[in-house]
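Visitor: Sequence:
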Amino acid sequence: MIIKTKSPLGVIKKSLEIAVLQNKPQVFLDYLLSNTIKTSFPNKLSFYNFFKEELVAAYKTSTGHLHLKIETPKYENQGYSHYCFYDKVHKNSRIYIKVKVLEQILYLDMLPF
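Those letters in the sequence shown? Residues 1298 to 1410, by this note's numbering.
Hints were generated in silico from the structure; no laboratory data involved.
Hints may be right or wrong, so weigh each one.
Here are the simulated BS3-like pairs of lysine-lysine, each with C-alpha atoms no more than 30 Å apart in a straight line [said to hold, decoys possible]: (1) K1311 / K1371; (2) K1371 / K1388; (3) K1335 / K1395; (4) K1341 / K1395; (5) K1397 / K1321.
Distance windows between CB atoms, simulated [as the list claims (entries may be wrong)]: (6) Y1372 / P1305: 29 to 35 Å; (7) P1409 / I1315: 21 to 27 Å; (8) G1361 / N1332: 22 to 28 Å; (9) V1308 / S1337: 20 to 26 Å; (10) T1369 / K1311: 18 to 24 Å.
Note that the Cβ used here is the ideal one computed from N, Cα and C, for glycine as well.
Generate the whole structure from the sequences, applying the supplied hints.
Guide: Here's what the structure looks like:
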């Protein structure tokens, strides 16, 4: 696996946002492979494949464009912010990604619901 050099965390978060909002997961792949990102998945390519599948499902079930709302639920006790992407109609997010920054490392997690 190729590991890229460090990228500023703000740029990485913005590329994640763009990848979801424009339905272009490939925009995020190079950043995902950087050594400043860790995931809860066995490896980064597993995370990427799941990410792509979730995007396909989110866009199939969405009405209109998605928009980002960053939330920190009261039950969250591990320091993650939830990047929730909503459409115009549904009350629940179409896709969400848990994001945490700790010691210049960006931690990502996704749940299958």
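Visitor: Compare the structure with each hint and give your call.
Guide: Structure-based check of all given hints:
1. K1311 / K1371: Between K1311 and K1371 the Cα gap is close to 25 Å, so the pair holds against 30 Å.
2. K1371 / K1388: It holds: about 18 Å lies between the C-alpha atoms, which stays within 30 Å.
3. K1335 / K1395: 12 Å, holds
4. K1341 / K1395: Since the Cα atoms of K1341 and K1395 sit roughly 15 Å apart, the hinted pair holds (cutoff 30 Å).
5. K1397 / K1321: 22 Å, holds
6. Y1372 / P1305: 29 to 35 Å: Cβ of Y1372 to Cβ of P1305: about 30 Å, so the range 29 to 35 Å holds.
7. P1409 / I1315: 21 to 27 Å: The hinted range 21 to 27 Å holds for P1409 and I1315, with Cβ atoms some 23 Å apart.
8. G1361 / N1332: 22 to 28 Å: Between G1361 and N1332, where Cβ atoms are some 37 Å apart, the hint is violated.
9. V1308 / S1337: 20 to 26 Å: 22 Å, holds
10. T1369 / K1311: 18 to 24 Å: The hint (18 to 24 Å, Cβ to Cβ) holds, given that T1369 and K1311 are roughly 19 Å apart.
Comparing the model with each earlier hint shows a violation of hint 8 alone; every other hint is respected.
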